[in-house]
Structure formats: C-alpha cells, structure tokens
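> Protein sequence lines, in the order shown, are assigned to chains A and B.
Quick note, the first sequence lines up with residues 7 to 209 if you use my numbering.
Quick note, the second sequence lines up with residues 7 to 209 if you use my numbering.
Just so you know, same-sequence chains aren't split out, so a pair can sit in one copy or run between any two.
Straight-line Cα separation of at most 20 Å, EDC-like style, residue types lysine to aspartate or glutamate; simulated pairs:
id, residue 1, residue 2
1, K67, E191
2, K67, E173
3, K67, E190
4, K67, D95
5, K67, D197
6, K165, E114
Since the hints were made in silico from the structure, they are not lab data.
Okay, here's what each chain looks like letter by letter:
There are 2 protein chains.
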Amino acid sequence: MGGQATFWFELASTYSYLSAARVDDLAAQRGIEVAWRPFLLGPIFAAQGWSTSPFRLQPAKGRYMWRDMARLTAARGLPFTVPDGPAMDLFPQHSVLAARLALVGLAEGWGKAFVRAVFEAGFAQWQDIAAPATLAPLIRRVGGEPEMALTAAVAPEIKQALRANTEAAQAAGIFGAPSVTVGEELFWGDDRLEAALNLAAER
Amino acid sequence: MGGQATFWFELASTYSYLSAARVDDLAAQRGIEVAWRPFLLGPIFAAQGWSTSPFRLQPAKGRYMWRDMARLTAARGLPFTVPDGPAMDLFPQHSVLAARLALVGLAEGWGKAFVRAVFEAGFAQWQDIAAPATLAPLIRRVGGEPEMALTAAVAPEIKQALRANTEAAQAAGIFGAPSVTVGEELFWGDDRLEAALNLAAER
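I would like the entire structure built from these sequences, with the hints used as guidance.
Set out below in structure tokens:
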C-alpha cells in the first residue's frame, strides 16, 4: 500500500508549479498517497530578514531562475511565460487568497485542479492571482462555486488553517518551496520529488 | 565529436564535490570535453552583501544541506561526514590556496585528481584545506611535487588566473557552485549536470 508523503507548496513559487503538475502522477506510479498542503513563504522569508523573494534580492539568481524555468517547462510541455514589462511587477505574486481558496478546494475535492489552474494563470498568463476576478473563473472551471468559495476562504477557520500550515512548515525545517516531507525526512525542490516519493514508497 | 562545456567549481562547496566526482564520467559517456575552472564564491557572495556561506546565514537551509549531502553521498558511495563539534568551525573551508593549487595542477596534469582529493579531505576527513600541511601530501599522492607546486601557487600569474576565473564566473551570471556553462547557457547545481552535458553533446 505504500507510505505517506506531504507535498508543501506556495502558489507564488515557480518551482512549486513544476511539482504540482506531476506529483500525483509520480505518486500513483509508486502506489502511494500524497497530502497537499499550501503554505506561505512570506512569513518564513521575513523571519530570516528578507522583505521579498530571493529571486528579487539576488538578481543573478533571479535571471537564472527564469531561464531554468523556461527550459524545464518547455521540456515538460507546461505553459509558461518569462515575465517582461508590467508582468514583472507581478512577481512575486500575492498568494494569500489563492492559498486560502486552495484549502477550501482541497476539502471540497476541486483543490488540486484549482492549484494547477492558478499556477498556469499566474506564470503563463501573468494574471494577478490576488484578484477575485482572476480566481472566480478558475474556481468555476474546476467545479467549485466561486461566490461560496470566496466567502469560505476568508472565514476565520480557513485563515487559521493557512497560518497553521505555515507554522507547521517552518517547524518541519522548510525554508523554500516546493518541499516534501516523509516522516522526519525533508526534501526541497522539484529536483528531489522522485527521491522523496521513492522513500515514501519504501516505507 | 561533441561540444564544449565548462565546469565551474569552488573547493569550499559541498555540492561541487558531488559534481567533481562524476562530471568526467558523464562527459565521456557523451563524447564531450569539459574544461575545469576553479573559482571563488567569496567575492561573489560579498558583492551581494553576504559575509559567509548562505548555509551559515540561513540555518534551516544549512541543516537541510547537510542531510541532503549525507543522503546523496551515501547513494553514490562517496566518503562524507556531516560536521559536528570542532569540524563545524571549518565550514566554510578557506579554499583560496587549494584553488590556486588546482590551477597549477590542471596545467600539470594532476589537477582533477587533486581537486577530488581536496574535496574528500575537506568534507569526509574535515582536514583544514587552507593548511599546506594538509595539501602537500595530497599533491604528492596525485603525482605533483608539493614544494614546487606550493611555490607556483602563490606566483602572481596564478593569483591573477584565479581572480580572472572568479570575474569570468560572475560575468557569466554565476551565483553559486557548481555551475556549468555551454556557450551562453548557464546551469546551476549538481542537479543540472546531466542537462548541461546533454546540451553540450547536441552542439
């Protein structure tokens, strides 16, 4: 039956997009289950004194990331656009509302499709994922009811659930996204996805 | 006959150890040539305001790196020791002298074996790789003449060659080690080694 892995993702994280697109297929190949947990990198970055994404703070690393993502998405057939002009101002995207909606959707069964749709809207079309006007059509497309979901997303229990996820991520030693935990073992980055799921399958 | 790739490494970089151990085998499988260029991350980190390794500046990332390295070296059969106690004070190792010696050795034909020996001394035995007493036996073991090499390593032209490598790395957009360049294309990290060499082989 295989073991259990937890997939920690951030909707403003480009590399999380890569993993969200393939983690369930890789898990199914190994006969294991993966729990999806959205969290926010902002508070984790802030705790180490960073005001924004390291890809903004380190321009050379930022330039490299776009090129790396362009190569990887092309190789995997994923829609992606390197931002330019006004789109560049959208990076990093503000992901709080989308992450709360992901929690609503994961409980209602449309969360994973919603997450993948948000990544594509954010990183291929460069729509503003903080805007309800961006998110409502995505919710509808994946089978949710936009007005109810947007109301549920700002309820205290959902806000608290996202804070709890972020605190749990930090407590697990997570410092970036995506990450996968398998028991006490932490794996960081889309590059470690196979290794993480292989370990889960062995357990 | 295949293309040309340049392997940029830093003797204080744990992930550079992984790539130095396998880059020539991977290149041979693809029928390509790889030029080895040591450089220093210190000046590149300093230029972005960092006083030491990001693995020191970000403790959670540092803890993760040791676990990740332990898993990877175990899987690949490479000697490695997670530092503890006094060995921890040796991280990051001071690599200037070893990098200069690598330049001497690469010109004399014993450079690659020396580099691999330095990585093992530094990251498995936690010897001080800034100490001539550590480096002299390694030079001898790989076929160099320690006294002559240590004298050559501090000659102006070798000092300048290392500075030039570091400046060339920075100009190529390099922000971490190991990195591989194939023409204008930059690949960062041991995780991108295959992709980089595949591209070189296509050219």
